[in-house]
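Chemist: Spelled out from the first residue to the last, the chains are:
2 protein chains.
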Amino acid sequence: MQELKDRILKDGKAIGTDILKVDSFLNHQIDVKLLDNIGEEFRKRLYTQDVNKILTVEASGIAIACAASRAMGYLPVVFAKKAAPKTMISGSYTAEVVSFTKGTQTMIRVGKEFLGPQDRVLIIDDFLASGEAAFGLLNILKQAGAECLGIGAVIEKEYQGGSAKLRAMGYNVASLAVITSIENGKINFK
Amino acid sequence: MQELKDRILKDGKAIGTDILKVDSFLNHQIDVKLLDNIGEEFRKRLYTQDVNKILTVEASGIAIACAASRAMGYLPVVFAKKAAPKTMISGSYTAEVVSFTKGTQTMIRVGKEFLGPQDRVLIIDDFLASGEAAFGLLNILKQAGAECLGIGAVIEKEYQGGSAKLRAMGYNVASLAVITSIENGKINFK
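Just so you know, the sequences run in chain order A and B. The first sequence: position 152 = 152 (the working numbering), numbered continuously. The second sequence: position 103 = 103 (the working numbering), numbered continuously.
Bound conformation, chain A alone (with noise of 0.2 angstroms):
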């Protein structure tokens, strides 16, 4: 999406060889405008009619996950909470997430009435990296029965492999800008 890699060269924030900022339209402050073209995007490259739900995680995982639920004819959206580990949380399906940016252990979890066998859902989210996120709605998904139908990503680094392992299960990946390697503050695109 060549609009979004723009703005990621114009407006991102490389730190290191493994972090991109993007504060500054995505996940601090944010570009309504920009996510709903997202949202069209994740659209043209993810919706069947089959699908009947959107899955993503608070907090930057919400307000794209609106977006593509507009343009997908207004899907109901649920965000996975966060609470802390050990926390007795009934009624929830629950999973284990290690943030690769904090470096922390996060307990996200959805309520049992929002996932069922009925449910064909699109998993979205702000960064696909080593994958860690994906993998913890994917339990949720499979305790709760539900099939995923796919998986979206604003921004991917292919580098840390979690896209690999997702599409070597099985799963469609579309990520909307695919970084290869961030070098000297300089990021490279697919």
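Please keep in mind that the hints were generated in silico from the structure rather than gathered at the bench. Don't take each hint at face value.
As the list claims (entries may be wrong) - As a list, the in silico BS3-like pairs of lysine-lysine whose alpha-carbon atoms are at most 30 angstroms apart:
#, chain 1, residue 1, chain 2, residue 2
1, A, K10, B, K112
2, B, K165, B, K13
3, A, K165, A, K13
4, A, K186, A, K165
5, A, K21, B, K82
6, B, K112, A, K5
7, A, K33, B, K44
8, A, K112, B, K82
9, B, K33, A, K112
10, B, K82, A, K10
11, A, K190, A, K33
12, B, K5, A, K82
13, A, K142, B, K33
14, B, K33, A, K44
15, A, K5, B, K82
16, B, K186, B, K21
17, A, K5, A, K186
18, A, K33, B, K142
19, A, K13, B, K142
20, B, K142, A, K21
21, B, K112, A, K186
22, A, K82, B, K21
23, B, K142, B, K112
24, B, K21, A, K112
25, A, K82, B, K10
26, B, K13, A, K142
27, A, K112, B, K13
28, B, K142, B, K82
29, B, K21, B, K33
30, A, K82, B, K13
31, B, K112, A, K21
32, B, K33, A, K82
33, A, K82, B, K82
Following the hints, complete the assembly by docking chain B onto the known chain A.
Modeler: Showing chain B alone in chain A's frame:
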């Protein structure tokens, strides 16, 4: 906003005298079409051409703020992030907020590059109860030298006093559904 009140009566769950759960359409599963109508209602009630930014707090405020942005010609949205209290945060405005429902204290923060004296801001959030989150966001606006032109809440629990305090301080407050009491599972609107 009649559509919202009808939805609260249909799908909201009252717990005790203080808690209203709207997990099925507002803050866990999201009805994005309803959100767009909510955004349009905020435009009617709060928008003037002086407004140049929308401020909210993660996680459940994000989708609502983005819907308001869309209705207001795609104003930039900034969401305050939550961090553990005591966390050292450089380059941010911070404020402490007590969560009414969780009984916990949270530090919220906004990067200094995203708010400044040039900003005339609408604060948008899902709930307005005792007003803790709004006071935290106002504190951040004050640190930034930014002006608050209005405060919008999807659901107000009037009996918890936040809106009265904010109005007494001169703020323009718009709540789309105002609850006067919750008794034996019954929700009473103003």
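Chemist: Does each hint hold? Answer for all of them.
Modeler: How the hints compare with the structure:
Straight-line distance between C-alpha atoms of K10/A and K112/B comes to about 19 angstroms, which keeps the hinted pair within the 30 angstroms bound. Of the supplied pair hints, the one linking K165/B and K13/B holds, its CA atoms being roughly 27 angstroms apart against a limit of 30 angstroms. Annotation: proposed proximity of K165/A to K13/A holds, straight-line Cα distance about 27 angstroms (limit 30 angstroms). In summary, the hint linking K186/A to K165/A is supported, as the alpha carbons are separated by about 26 angstroms, within the 30 angstroms threshold.
Pair hint K21/A plus K82/B holds up; C-alpha atoms about 17 angstroms apart against a cutoff of 30 angstroms. At roughly 25 angstroms between alpha-carbon atoms, K112/B and K5/A fall within 30 angstroms of each other, so this suggested pair holds. Of the supplied pair hints, the one linking K33/A and K44/B holds, its CA atoms being roughly 20 angstroms apart against a limit of 30 angstroms. Restraint check: the Cα-Cα separation between K112/A and K82/B comes to about 26 angstroms, which is no more than 30 angstroms; the hinted pair holds.
For the suggested pair K33/B and K112/A, the alpha carbons sit about 23 angstroms apart, so the restraint of at most 30 angstroms is met. Restraint check for K82/B and K10/A: satisfied, since their Cα atoms lie roughly 27 angstroms apart, inside the 30 angstroms limit. The straight-line distance between the Cα atoms of K190/A and K33/A is roughly 25 angstroms, inside the 30 angstroms bound, and the hint therefore holds. About 28 angstroms separates the Cα atoms of K5/B and K82/A, which keeps this hinted pair within 30 angstroms; it holds.
Proposed proximity of K142/A and K33/B is supported: the alpha carbons are some 28 angstroms apart, at most 30 angstroms. For the hint linking K33/B to K44/A, the alpha-carbon distance of about 20 angstroms falls within 30 angstroms, and the restraint holds. Between K5/A and K82/B, the direct Cα distance comes to roughly 28 angstroms. Compliance with the 30 angstroms bound is thereby established for this hinted pair. Taking the CA atoms of K186/B and K21/B, the gap is about 13 angstroms. The hint holds against a cut of 30 angstroms.
Restraint check for K5/A and K186/A: satisfied, since their Cα atoms lie roughly 13 angstroms apart, inside the 30 angstroms limit. Proximity of K33/A to K142/B is assessed by CA-CA distance (about 28 angstroms); at most 30 angstroms being required, the pair is judged to hold. Distance restraint check for K13/A and K142/B: the Cα-Cα separation of roughly 28 angstroms lies within the 30 angstroms cut-off, and the hinted pair is therefore satisfied. Of the supplied pair hints, the one linking K142/B and K21/A holds, its CA atoms being roughly 26 angstroms apart against a limit of 30 angstroms.
Of the pairs offered as hints, the one joining K112/B and K186/A holds, with about 25 angstroms between alpha carbons and a cut-off of 30 angstroms not exceeded. For the given pair, K82/A sits about 17 angstroms from K21/B by alpha-carbon distance, which is consistent with the 30 angstroms threshold. The hinted pair formed by K142/B and K112/B meets the criterion: a straight-line CA distance of about 12 angstroms does not exceed 30 angstroms. Under the criterion of a C-alpha separation no larger than 30 angstroms, the hint pairing K21/B with K112/A is consistent with the structure, at around 15 angstroms.
Proximity of K82/A to K10/B is assessed by CA-CA distance (about 27 angstroms); at most 30 angstroms being required, the pair is judged to hold. As the CA atoms of K13/B and K142/A are separated by approximately 28 angstroms, the hinted pair is consistent with the 30 angstroms bound. Distance check on the hinted pair: K112/A and K13/B sit about 16 angstroms apart at the alpha-carbon level, within 30 angstroms; holds. Distance hint between K142/B and K82/B is fulfilled; the C-alpha atoms sit about 18 angstroms from each other, no more than 30 angstroms.
Note on K21/B and K33/B: the hinted pairing holds, with a Cα-Cα distance of about 19 angstroms set against a maximum of 30 angstroms. A C-alpha spacing of about 21 angstroms is found between K82/A and K13/B, which places the hinted pair at or below 30 angstroms, so the restraint holds. With a C-alpha separation of about 15 angstroms, the suggested pair K112/B and K21/A falls inside the 30 angstroms cut-off, and the hint holds. Restraint check for K33/B and K82/A: satisfied, since their Cα atoms lie roughly 25 angstroms apart, inside the 30 angstroms limit.
Using a Cα cut-off of 30 angstroms, the hinted pair K82/A and K82/B holds, with the two alpha carbons roughly 12 angstroms apart.
Hint violations for this structure: none, all hints satisfied.
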